[in-house]
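Novice: Letter by letter, the chains look like this.
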Amino acid sequence: MLRESSQRSGTIDNLNLQGTVNPDADSGVPQGSLLTAFAEAAVRQTDALPGLRDQIVSELGVQELVDAAGVVANFQRMVRIADGCGIPLDEFTKDATDDVRDELGIHEYASAANTA
Amino acid sequence: MAFEYTGVDLPIREKTIASQRMSWEMIANPGRWWTGAERVEIARIGRAARDFEAVGSEILPEAAVYSIQKLVVDNANLNREWYDEIMASEGITEDRYVELVAVVVHSFSIDEFHRALGLALEPLPDPVSGEPTRQRPAQAEQRYSWPPIVPKAGLNPGDEMLYGPMEWGANVISALSLIPENVRWLHDLSEGHYLSFAEMRQPDPLRAISRSQIELIAARVSALNECFY
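Residue numbers (the working numbering), protein chains in the order written: chain A, 1 to 116; chain B, 1001 to 1229.
Just so you know, these hints were derived from the structure itself, not from any lab. Where hints are given, some of them may not hold.
As the list claims (entries may be wrong) - Facing chain B, a subset of chain A residues (Cβ under 10 Å, in silico):
no., residue
1, Gly32
2, Ala39
3, Gln76
Don't be surprised by glycine CBs; every beta carbon is placed ideally from N, CA and C.
Same shape as in the complex, but just chain B (with noise of 0.2 Å):
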C-alpha cells in the first residue's frame, strides 16, 4: 500500500494519509479525458520539472509536456496569451487542459509535503487499465477563468456543499470543476494538508500550529510564488 512512512519517526495525521492515498488512486485511473497511464505519465514528467529536468514523453503530446512543466517551474508566468497557444495547440482541449492541471498540482502538493520534510517521494502508482469517459458536465460554462467551469448542479451528487452557499463556489474551488471530481479532490487534500472547507470557518484549536501561524506560512507561500490571488 501506498504512503505506508515506514521509518519515519513523524506523526503524519492518518487525514494526510488517507488523502494521498486517495491522490494517488485518482492519478493511477482513467480520468475523463486521459488514461490512467497517461495521468501517471504527467505526474511523471512534473516530478522531474521541479528537478530542472525537462524530460520528454513518449505519449503526452509536446504541449501537454510543455504545459506541466511551466506549472511546476514558471506558474508566475502564466498568462491568457500563454494559455491560448496551449488551447490552439494539438492534443490539447479545455477538458484536457484541466484535468492535466489537476493531476500536476495534486501530485506535486504530496511530493511538495514530502520533499519539507526531508522524506523519500513516495513511488508513482501503476496506472489501471481503461478508456476515459470523455464527459463534459452539460452545465459548463465560461465564467472569470480562463477554462469554463461548472455550477452547483453540475458537481457529483453529495458534492454540493463544496460550494458553500455560493452558486459557483468561490473562485479558487471552482476553477477546476470542469472535472466535477476533482471539487472532491480539492478539498479532500486541503483537509489532509492544510484544513477543511468547513474547518476554514472554525476556531483555533484545528492544528498544532495557530490558525495565525498557519495563514503566515500560507501568505509567504503565495508571495514567494508571487500568486496575485
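Next comes chain A alone, as it looks inside the complex (with noise of 0.2 Å):
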C-alpha cells in the first residue's frame, strides 16, 4: 500500500521500503522518522511517546497527531484479526510484493505460515 500510494501520489522520489522496518532507515516519506518512531512508541508504550507527541503538534499539526493515532489503532486491530484469523495473502497480493517481502525480511515471520 506504501508503495503504491506513494507510486501514485508522485511526490515520494527516494521511497525506501526499508523505513518500515529499520527505525535508522529514512523511508523518504516527509516527517516518516517522527511518524514511525511515534508509531513504535505507541505499540510499544514507551516513555518516549509523550515527546513524540508534542513533536507531531510542533511540526506537523494536532490534527495530524489524532490522525496519525487513529492509524496506529486501526493497524493494531488489522494485525490481530490477521493473525488472529490464520488468512493468507490475497492472490492479487502475493505475487506484487514478493519482492518487497524478501528484501526486508518479511517472510521470516511466523505468520508466514499461513500463506502457502
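With the hints as a guide, dock the two chains, each given alone in a separate frame, to form the complex.
Specialist: Here it is as C-alpha cells:
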C-alpha cells in the first residue's frame, strides 16, 4: 500500500521501504522518521510517547497527531484479525509484493506460514 | 453518553466518535454466541492483558480467557496448531471464537487510540440483557482462513458492497464474517480511525496526513507486530 500510494501521488522520489522495518532508515516520506517513531512508541508504550506527541503537534499539527493515532489504532486491530484468523495473503497481493517481502525479511515472520 | 471527550483539547473527528460509540453498543449487546455480559467481559480481559495483567474470569471459559490474552500480547505467535487446540477446548466453537476475536480487536483498537493520544480509557459499557441469537449463516464455508467465512450472499442486507467486486471479499475483510455483523463493524471503525473502504481507492487529500504518511505508519505497526499479511 505504501509503495502504491507513493507511486500514485508522485511526490516521493526516493521511497525506501527499509524505513518500515528499520527505525534508522529514512523512508523518504516527509516526516516519516517522526511518524514511525511515534508508531513504535505507541505500540510499545514507551516513555518516548509524550515527547513524540508534542513533536508531531509542533512540526505537523494537532489534527495530524489525531489522525496518526487513528492509523496506529486501526492497524493494531488489523494485524490481530489477520493473525487470529490465520489468513493468507490475497492472491492479487502475493505476486506483486514478493520481492519487497524478501528484501525486508518479512518471510521470516511466523505468520508467513499461513500463506502457501 | 460514551466518548464525550470532555476536557480533551484535541480535534477528534465526528466519524471517529460515531464509530467508537457504535462499537461500545455492539460490545454491550448480546451477539450471536455470547451474551452482552460475556462480551463486555471479553473486552475487560483484553484491556487488562495490554498491561500484562493476567486476570481471570468467573463467566468466561478458560480457553476464551487464554485466547483473549494471546490475541492482545502474543498475536505474532498464533498458529494453526494453537487454533486447533483452542477449538478442542471446552466452551469454545468456531463461531464463539470469531465473535470473541471481533470484540477483542475492536475494543483494543479504541483503547489503543486513547493510549496513543495519552487519554484516559473510556469506561466499558454496561451490558444489555438478552440471549444470543445462536444463528450461523447457512452460506458459511471453510475456505483459506482457520475459521469458516461467508460469501457476499451471506452478509446482512445492505452490506454486500463491503466485499467490492469479490464474491468472498479480500481475506482480511471476510476473516470475521462467520458473524456477518463483523464486516460492517470492521468497515465503520476503519472509517473512524483510518479510511473507509471507498476512501482507500481515492487520492489525497483524505486526512491531515498524506496517504503515504498513513501507509508508512500502517506498515510500521504491522512490522512491529511481525504481521506477514
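Novice: Would you mind marking each hint as holding or not holding in the structure?
Specialist: Hint by hint, here is what the structure shows:
1. Gly32: holds, 5 Å
2. Ala39: holds, 4 Å
3. Gln76: holds, 5 Å
When the structure is compared with the earlier hints, no violation turns up for any of them.
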